[in-house]
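Enquirer: Chain by chain, the residues run as shown.
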Amino acid sequence: MGAILAFAAAGTVAWSGRPMVIPIPWAIPFGSLSFGVDRLSAFFLFPIAMVGGLGAVYAGGYLRRSSGVQAPRFFWFFYSIFFAFLLLVVTARNGLLFLMAWEGRSLASFFLVMVEHREPTVRSAGWTYLIAAHLGTACLLALFILLGDRNPTQDFEGFGVSGREGIRSLLFLLALIGFGVKAGMVPWHVWLPEAHPAAPSPVSAVMSGVMIKTGIYGLLRIMMFLGEPTLWPAWWGWTLVGLGALSGVGGVLLALAQKDLKRLLAYSSVENIGVISLGLGLWLCGVRVGNPAMAALGLWGALLHVWNHAVFKSLLFMSAGAVAHATGTRSLDRLGGLIHGMPFTSLAFFAGSVSLCGLPPFNGFISELLLYGSALAGILQPEGLRRIPVLAVGALGLMGGLALACFATAFGIGFLGQARSEEAAQAHEVSFLIAVPMGVAAVVCLGIGLMSPLAVAFTSFAAFDLMPILPGVIRVGGWEIPALFQRILVANVALCVMLVVLMAARRILLLHRRVEESSTWDCGYAAPTARMQYTASSFIWDILAMARVLRPRVKECRPLGLFPRSARLGTEEQDIFQRLFYNRLWRGIERCSDRLRRLQEGRNQIYVLYLALTVLALLLWKLGFSQ
Amino acid sequence: MTPAFSFVSFGLAITLSPLLLGVIQKTKAFFAGREGAPLMQPYFDFVKLFRKGGVYSRTTSWVFWAGPIANLAAALLSLTFVPLGRIPAPAAFPGDVFMVAYSLSLGRFLMVLAALDTGSAFEGMGASREVRFSLLAEPVFFVSVLTLAVVTQGASLSEIYGTLPRHMVHQGISTIWLAGGAVALVLLVENARIPVDDPTTHLELTMIHEAMVLDHGGIDIGFVQYGAALKLWMFSALVAGAFFPFSSARPFLEVMGGIGGVFAVAVAVGIVESSMARLRLIRVPQLILLAGVLALMALLWAAR
Amino acid sequence: MTGIVDFLIVLLLLTNLRILGSSRIPACISAVALQGVLLAVILVSLSSEPLWGGTAAFALLLLAVKGVVLPWLLRRAMRDASVTREVEPFVDFSTLLLLGGGLMGLSFLIARPLQVSAPPSTEKGLLPSAFFTLLTGLLVIITRRKALTQVLGYLTMENGVYLFGVSQAIREPLLIELGILLDVMAAVFVMGIVLFQINREFDHIDTDRLSVLKE
Chain A
0 MGAILAFAAA
10 GTVAWSGRPM
20 VIPIPWAIPF
30 GSLSFGVDRL
40 SAFFLFPIAM
50 VGGLGAVYAG
60 GYLRRSSGVQ
70 APRFFWFFYS
80 IFFAFLLLVV
90 TARNGLLFLM
100 AWEGRSLASF
110 FLVMVEHREP
120 TVRSAGWTYL
130 IAAHLGTACL
140 LALFILLGDR
150 NPTQDFEGFG
160 VSGREGIRSL
170 LFLLALIGFG
180 VKAGMVPWHV
190 WLPEAHPAAP
200 SPVSAVMSGV
210 MIKTGIYGLL
220 RIMMFLGEPT
230 LWPAWWGWTL
240 VGLGALSGVG
250 GVLLALAQKD
260 LKRLLAYSSV
270 ENIGVISLGL
280 GLWLCGVRVG
290 NPAMAALGLW
300 GALLHVWNHA
310 VFKSLLFMSA
320 GAVAHATGTR
330 SLDRLGGLIH
340 GMPFTSLAFF
350 AGSVSLCGLP
360 PFNGFISELL
370 LYGSALAGIL
380 QPEGLRRIPV
390 LAVGALGLMG
400 GLALACFATA
410 FGIGFLGQAR
420 SEEAAQAHEV
430 SFLIAVPMGV
440 AAVVCLGIGL
450 MSPLAVAFTS
460 FAAFDLMPIL
470 PGVIRVGGWE
480 IPALFQRILV
490 ANVALCVMLV
500 VLMAARRILL
510 LHRRVEESST
520 WDCGYAAPTA
530 RMQYTASSFI
540 WDILAMARVL
550 RPRVKECRPL
560 GLFPRSARLG
570 TEEQDIFQRL
580 FYNRLWRGIE
590 RCSDRLRRLQ
600 EGRNQIYVLY
610 LALTVLALLL
620 WKLGFSQ
Chain B
0 MTPAFSFVSF
10 GLAITLSPLL
20 LGVIQKTKAF
30 FAGREGAPLM
40 QPYFDFVKLF
50 RKGGVYSRTT
60 SWVFWAGPIA
70 NLAAALLSLT
80 FVPLGRIPAP
90 AAFPGDVFMV
100 AYSLSLGRFL
110 MVLAALDTGS
120 AFEGMGASRE
130 VRFSLLAEPV
140 FFVSVLTLAV
150 VTQGASLSEI
160 YGTLPRHMVH
170 QGISTIWLAG
180 GAVALVLLVE
190 NARIPVDDPT
200 THLELTMIHE
210 AMVLDHGGID
220 IGFVQYGAAL
230 KLWMFSALVA
240 GAFFPFSSAR
250 PFLEVMGGIG
260 GVFAVAVAVG
270 IVESSMARLR
280 LIRVPQLILL
290 AGVLALMALL
300 WAAR
Chain C
0 MTGIVDFLIV
10 LLLLTNLRIL
20 GSSRIPACIS
30 AVALQGVLLA
40 VILVSLSSEP
50 LWGGTAAFAL
60 LLLAVKGVVL
70 PWLLRRAMRD
80 ASVTREVEPF
90 VDFSTLLLLG
100 GGLMGLSFLI
110 ARPLQVSAPP
120 STEKGLLPSA
130 FFTLLTGLLV
140 IITRRKALTQ
150 VLGYLTMENG
160 VYLFGVSQAI
170 REPLLIELGI
180 LLDVMAAVFV
190 MGIVLFQINR
200 EFDHIDTDRL
210 SVLKE
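Protein chains in written order, with numbering that gives the first Met the number 0: chain A, 0 to 626; chain B, 0 to 303; chain C, 0 to 214.
These are calculated hints, taken from the structure and not from any lab test.
Predicted, not measured: the structure shown is a model, and the values here were computed from it.
Beta carbons: idealized from backbone N, C-alpha and C, even for Gly.
Possibly wrong hints are sitting among the right ones.
Distance ranges between label pairs, derived from CB positions [as the list claims (entries may be wrong)]:
hint, chain 1, residue 1, chain 2, residue 2, range
1, A, 134, C, 186, 54 to 60 Å
2, B, 31, C, 83, 42 to 48 Å
3, A, 425, C, 17, 55 to 61 Å
In the SDA-like style, the derived pairs of lysine to any residue whose C-alpha atoms are separated by at most 25 Å in a straight line are [to be verified]:
hint, chain 1, residue 1, chain 2, residue 2
4, B, 51, A, 497
5, B, 47, A, 386
6, B, 27, B, 275
7, C, 123, A, 333
8, B, 47, A, 500
9, B, 51, A, 518
10, C, 123, C, 25
11, B, 47, A, 509
12, B, 51, A, 386
13, B, 47, A, 511
14, B, 51, A, 381
15, B, 51, A, 511
16, C, 123, A, 386
17, B, 47, A, 381
18, C, 123, B, 27
19, C, 123, B, 275
20, C, 123, B, 162
A few chain B residues facing chain C, derived, Cβ under 8 Å [stated by the list, open to error]:
hint, residue
21, 255
22, 291
23, 299
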């Protein structure tokens, strides 16, 4: 338990240090290792400190109640390292330090994923994660080598590419792949739904909430070094919007197909990373066509979504963890009726779902509205890239609808209705230590939603280095942004007031009347059972049937004969990217490495020969090219 | 145009929207050769419903009664952004169409949850269909409204609709009508009208919205139906504004024109309902897809 | 005037969607006929001077051939060969509509650079509509199973080609068009006869079964 104190300390350090460093970027040179907090780092520090702190408190409650975690000390050790490296990643002001922190963070989180290593699925998830993380790091290594070409100290201040467009595009691509792997953008997301559910819930919350955001941070940081924004080629923006739309729609479709609550949440993280990169893409497009409103709103929307997602996704993971803890299962088809046994957790999950679907008055709505505003500004411009914003609006609208379907399933099937299993019926509310962080996160969700002008102002401040413009300057349709968000604030408050008034009206109307209880009517069926309810699979079946490639595989055993014995219908879903792309890729690699195995003779002499050849080749390369 | 008229039109929307349901019923009765229920029947129904007590299933929780309330609140909020004819809405800001769509989504989300809260298989089925169709309709709605925004260079719904007649004269009606057609199809989908869903049917296998509220009664179903009426009014106003280029310098005539447009749309819906059969469920996504292609066409045409 | 032409072209685009999305062959035939009529009307409404004799005559001819004769021929072929009314495409209608939407976007995209070379007086929507009609025809030919529907696709394509001619220059290609029109007439006649023959020989006119002949 002493570790909790350490965590609180770490949290408070970050907490108290923050206001000091926000206004002035400062750096302490420390040999070649320098730290520093500028606006962008500070912006990312906020959610890291908050989610990390909440996660620690949550883990305090989570581990105490004899969970599946066998070694709490092991857990705390790596959790603290993980947390420290996370902080280091966003504060590093030096390429080398950044890479070390990046790598250390990956390794620490790998160990955290492997905490419950007795289970084979967890082990395989861990390895997938490790491999993916290292493939990403390889790209980053190349990136920093190229960046640091003329900058031997590798300090961030010295970076800055003035080179040709080809070099900059190469750097952009490397950054996109390297950080995209970590962020979980769609073609590179496969590790994410494996690793996040496998980790203990507090770790999933931190990983999904903030760790993948460091990918976004890294991308933004590198963008700072790539020269004048107006000179960035147009296809960077397209690529980001395209990837964002793909990640968003793909991620949420795959999330919809999941029956495991935590896997569902992990896939929805892919979706939200898609939303964020869509915003970044709109930013780049706006910069390119010289439309400041589109650019600024896109960037702010993306950044604000980083915050929002950090809060609501950690909230959702924490409540999912609480559910898994209380019932011992994460399968939606075995849950249900939890709202009676666990009212607080249900309320927390509800708040998280509403925020995630981007519904007013919660925080997700604000960031999505910013992105829509960006697209609107793009559409209203007389000429230029109007296709991109239209695509963005279409994709965002579709994502919104699908996310709604997805979380209607998660909350409606998982928490409402009748309990589908004995464990779910016996579920009991979580302990205080677990409840507090969930409550805090839920309140923050609503708070950001209701204090949108402030949030937008702060976001624009954080983005100042990337987009030196203030909200008062930007106009959409003749409106200044602060005025616009004040109006939205009024609308949100009006919504809340109306809700309260209607509730009161209902209460008063029902006051002196007969209110009875009975069983669900169900079209007159007299004896409804829990097994007759709609399950998650049946709820989403029709929706998935529209996206044919994603349709789950059906295993069925039809009733046969005059006196059928038993019939069964099961569905199983698989990640389409995994199935169509990665499985083939791995098989190809396996074949290649089989061939390479011949090199491994097992004789020392041969190995020495390899060494010698390598050294010779290096020498030749160095000498041959450096004159 | 004084803001007073905006509030007048809002007040009319709140009071007259149940009448819209009566007009549709009357139209259908006319085509079926029946006398039909009186025009004021929806009002009588509301009075009846709001006087009742309640019966609640033991399976349900607070979500069950919060659904109708959120639905109604969301409908009221969105109504404040929807202009009637050329009269601006009481509230407007750039991009308010997204506010409208998302607050409607909030209502829908809670209604779906309220349906799932009962644990009834029928309501689960209705909820599943509801989210399935509405998730397709939402992007279509966005694209068609954005098309109108491109045509008029307006950013809020009130701006867009306020200048539509002028643009109809300058740029021709084809784009605007195409977009309006797409919104009209969205109206049919969102408001459970006939080619998509039959509001009168009680055949469980085909119904969508009806199935979701099977267990609601008394005040709750009153809230649901009033919310539905407001939503119908809202969409009718949007469709009517795009189809009828009525514009007048005198606010009073504007109000009358706007209301006339809304009721004309209601009559049109009644005619569609009398002349068509409900589509098979698997054809419904095709209908929405068609609306999407129309909206896309309008957009391409506007931006050509 | 542009307003009316606009409206007509949008109607033409809608007929394309109808051809793509309809599940009944008679409906498709009517849509193609309507397209022919629309073409004639567009031609008339585009001519800026008071109706020139040649244009009027050509429009009438167009109306007669595409709006009346060809549909009548097709309906007769349908009756004679006792083709069932269902379209039976290889891919389902939702996909077809989606593809149609995609093709529409594509045709507006490729028409944009070509717009420059066209005479400035022409209507801007003509060129993309021509492309879209052409592509719709192609799509119909590719995705339909029956020979009759393939003829319909061919006709739609031809309408697209014609519209393309209209969009490039309004009056010059009349002669060429006349030639094409005759070609189409001949082609549809031949197809009608072939259809009839195939039907008599094999009792059906599914072209995919013709692939058996390759061995």
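Enquirer: Now tell me if each hint is right for this structure.
Expert: Going through the hints against the structure:
1. A:134 - C:186: 54 to 60 Å: holds (58 Å)
2. B:31 - C:83: 42 to 48 Å: violated (33 Å)
3. A:425 - C:17: 55 to 61 Å: holds (59 Å)
4. B:51 - A:497: Holds. Residue 51 of chain B to residue 497 of chain A sits at ~22 Å (cutoff 25 Å).
5. B:47 - A:386: violated (51 Å)
6. B:27 - B:275: holds (11 Å)
7. C:123 - A:333: violated (59 Å)
8. B:47 - A:500: holds (21 Å)
9. B:51 - A:518: holds (19 Å)
10. C:123 - C:25: violated (32 Å)
11. B:47 - A:509: holds (14 Å)
12. B:51 - A:386: Judged against 25 Å, a Cα distance of about 53 Å means the pair is violated.
13. B:47 - A:511: holds (16 Å)
14. B:51 - A:381: Cα-Cα ~56 Å, so violated.
15. B:51 - A:511: holds (11 Å)
16. C:123 - A:386: Distance ~18 Å between residue 123 of chain C and residue 386 of chain A Cα, so the pair holds.
17. B:47 - A:381: Since the Cα atoms of residue 47 of chain B and residue 381 of chain A sit roughly 54 Å apart, the hinted pair is violated (cutoff 25 Å).
18. C:123 - B:27: violated (43 Å)
19. C:123 - B:275: Not OK: residue 123 of chain C and residue 275 of chain B at ~37 Å, beyond 25 Å, violated.
20. C:123 - B:162: holds (23 Å)
21. 255: Status violated, d = 27 Å.
22. 291: holds (7 Å)
23. 299: holds (4 Å)
Hints 2, 5, 7, 10, 12, 14, 17, 18, 19 and 21, counting from the list given before, are not met by this structure.
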